[in-house]
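Engineer: Produce the entire structure from the sequences given, and follow the hints as far as they go.
Protein chains: 2
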Amino acid sequence: LGLKGSGAIARRKRIEHHRQRTQQIVTASAQLIHQKGFHGTTLQDVAEQLDFTKAALYYYVHDKQDLLFRIHMQALEMALAAVESIAQSERTPPDKLAAFIDNQVRMIASHPDLFTVYFHEKAQLTAEHHEAVTQKERQIVHAIAEVIRDGVATGCFQQVDPTVAAFTIMGASSWVYRWYRPQGRHSIEEVSQILQTVLLSGLEKERGK
Amino acid sequence: LGLKGSGAIARRKRIEHHRQRTQQIVTASAQLIHQKGFHGTTLQDVAEQLDFTKAALYYYVHDKQDLLFRIHMQALEMALAAVESIAQSERTPPDKLAAFIDNQVRMIASHPDLFTVYFHEKAQLTAEHHEAVTQKERQIVHAIAEVIRDGVATGCFQQVDPTVAAFTIMGASSWVYRWYRPQGRHSIEEVSQILQTVLLSGLEKERGK
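Chains as they are written, first to last, in the working numbering: chain A, 1 to 209; chain B, 210 to 418.
These are calculated hints, taken from the structure and not from any lab test.
Hints are not guaranteed to be accurate.
Simulated pairs of lysine-lysine, DSBU-like, Cα-Cα distance not exceeding 35 Å [what the hints assert, rightly or not]: (1) B:Lys273 to B:Lys222; (2) A:Lys36 to B:Lys263; (3) A:Lys54 to A:Lys36; (4) A:Lys13 to A:Lys136; (5) B:Lys222 to A:Lys54; (6) B:Lys331 to A:Lys36; (7) A:Lys54 to B:Lys331; (8) A:Lys122 to B:Lys263; (9) B:Lys263 to A:Lys64; (10) B:Lys331 to B:Lys222; (11) A:Lys36 to B:Lys245; (12) B:Lys245 to B:Lys273; (13) A:Lys36 to A:Lys136; (14) B:Lys245 to A:Lys122; (15) B:Lys245 to A:Lys136; (16) A:Lys64 to B:Lys245; (17) B:Lys263 to B:Lys222; (18) B:Lys273 to A:Lys54; (19) A:Lys122 to A:Lys54; (20) B:Lys345 to B:Lys245; (21) B:Lys331 to A:Lys136.
Pairwise CB distance ranges, derived in the manner of DEER restraints [what the hints assert, rightly or not]: (22) A:His130 to B:Gln274: 21 to 31 Å; (23) A:His130 to B:Thr301: 55 to 65 Å; (24) A:Glu48 to B:Glu299: 25 to 35 Å.
For clarity, every value in this text was computed on a predicted model and none was experimentally measured.
Here a beta-carbon is modelled for each residue, glycine too, at the ideal position from N, C-alpha and C.
Structural biologist: Structure below.
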């Protein structure tokens, strides 16, 4: 390797290191904010939790508002990537919704701190961050509503307002953040199955009555 | 009226006045906590909002923790009273669930501050208050799950786990606190109807496929 090549490798390593550190900070602060609330958590708490100095922390995040925004964006980008990949896949509308419910339930159960902070602290974002977060939320709801609209148009779903139906599905599957506990009576597979059964047979058209 | 009678009336008036004042304080503080978060709100803010002195405020509530607990209990007692009255009524299980969904959606849409604070700030309660709130939540979910169990036993609903199905219904109908706006495209009647359609046909048994 020439000097130029090793410089590029070093730079890539630095970028990757920066990404990992930021990720660590987002994870630790989501955990703290989940426990103590946004106003109850200081950057000092986050630094102590990670054995960082506060100065080192400032190298990765601007301030507490920036941190809260990153938590929101991480949750929403994860959700949006999954929803878009499902929406663009070659599946029937019911299969897409089943995959969306399954993904939503598992994603929230695997990242309870991240999603609880997003669900609870959105009102604490700055106006600009709040707007960016709302945009992402709209993209997610829109993608699900389009799948439902498609299912209504092709006759697999009954006539319902696609947006309200999308919020119904989103609400039912997101609510697991409030009650699902991994050590509880139901596995996440069972929970996902029951949600899929109730929500999909609720949308599907062919009914005997 | 003798002295004794007018004393009783005066006492009743005092009690009623105390109840109204406490109610005013709970409503104003739910609004403030909704905007600024629990840690971001002080009793001083609540007093100023109501044109009370802080000393006058302390006559009605012990401290901020007491206030947060009262907000939670007011939301939960309202929800529990409705759920129990519906569960004990002479209706079929599907009609009971429809009434529950309709009540939940309207109740949350009419008291957005109260329910948002309950949904977001539960983790900020003291351990003792947290336990009391969890007890009330369990009573609500239990009452809904019993209606579903009854519907499964009598053959109107398909075989699903009643508790998970109760959380599905609770989640879908509670989620309106995040997205429903009275000035938006849908009336609360329409939203309630769509939720009832999707959730009830999802549970009901007779299906053509």
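Engineer: Run every hint past the structure and note whether it holds.
Structural biologist: Tested hints:
1. For a cut-off of 35 Å, the pair hint linking Lys273 (chain B) to Lys222 (chain B) stands: about 26 Å separates their Cα positions.
2. With a C-alpha separation of about 26 Å, the suggested pairing of Lys36 (chain A) with Lys263 (chain B) holds against the 35 Å cut-off.
3. For a cut-off of 35 Å, the pair hint linking Lys54 (chain A) to Lys36 (chain A) stands: about 19 Å separates their Cα positions.
4. Under the criterion of a C-alpha separation no larger than 35 Å, the hint pairing Lys13 (chain A) with Lys136 (chain A) is consistent with the structure, at around 30 Å.
5. The straight-line distance between the Cα atoms of Lys222 (chain B) and Lys54 (chain A) is roughly 57 Å, outside the 35 Å bound, and the hint therefore fails.
6. A hinted pair counts as satisfied when its Cα atoms are at most 35 Å apart, and Lys331 (chain B) with Lys36 (chain A) qualifies at roughly 11 Å.
7. Proximity of Lys54 (chain A) to Lys331 (chain B) is assessed by CA-CA distance (about 30 Å); at most 35 Å being required, the pair is judged to hold.
8. Distance check on the hinted pair: Lys122 (chain A) and Lys263 (chain B) sit about 30 Å apart at the alpha-carbon level, within 35 Å; holds.
9. Between Lys263 (chain B) and Lys64 (chain A), the direct Cα distance comes to roughly 31 Å. Compliance with the 35 Å bound is thereby established for this hinted pair.
10. Restraint check for Lys331 (chain B) and Lys222 (chain B): the C-alpha separation of about 33 Å stays at or below 35 Å, so the hint holds.
11. Distance hint between Lys36 (chain A) and Lys245 (chain B) is fulfilled; the C-alpha atoms sit about 15 Å from each other, no more than 35 Å.
12. Only pairs whose Cα atoms come within 35 Å are accepted, and Lys245 (chain B) paired with Lys273 (chain B) is accepted, the gap being roughly 14 Å.
13. At most 35 Å may separate the alpha-carbon atoms for a hinted pair to count; Lys36 (chain A) and Lys136 (chain A) meet this at roughly 26 Å.
14. Distance check on the hinted pair: Lys245 (chain B) and Lys122 (chain A) sit about 11 Å apart at the alpha-carbon level, within 35 Å; holds.
15. Simply put, Lys245 (chain B) and Lys136 (chain A) have alpha-carbon atoms about 23 Å apart, close enough for the 35 Å limit, and the pair holds.
16. Taking the CA atoms of Lys64 (chain A) and Lys245 (chain B), the gap is near 15 Å; set against the 35 Å cutoff, the hint holds.
17. A threshold of 35 Å between alpha carbons decides the hint, and for Lys263 (chain B) with Lys222 (chain B) the separation of about 23 Å falls inside it, so the pair holds.
18. Between Lys273 (chain B) and Lys54 (chain A) the alpha-carbon distance is near 31 Å, which keeps this suggested pair within the 35 Å criterion.
19. Distance hint between Lys122 (chain A) and Lys54 (chain A) is fulfilled; the C-alpha atoms sit about 25 Å from each other, no more than 35 Å.
20. Restraint check: the Cα-Cα separation between Lys345 (chain B) and Lys245 (chain B) comes to about 26 Å, which is no more than 35 Å; the hinted pair holds.
21. A hinted pair counts as satisfied when its Cα atoms are at most 35 Å apart, and Lys331 (chain B) with Lys136 (chain A) qualifies at roughly 26 Å.
22. Taking the beta carbon of each, His130 (chain A) and Gln274 (chain B) are about 28 Å apart, inside 21 to 31 Å as hinted.
23. The hint said 55 to 65 Å for the Cβ distance between His130 (chain A) and Thr301 (chain B), and at roughly 44 Å that hint is violated.
24. Our hint of 25 to 35 Å for Glu48 (chain A) and Glu299 (chain B) is violated, since their Cβ atoms are close to 59 Å apart.
Hints 5, 23, 24 from the earlier list are contradicted by this structure; the remaining hints agree with it.
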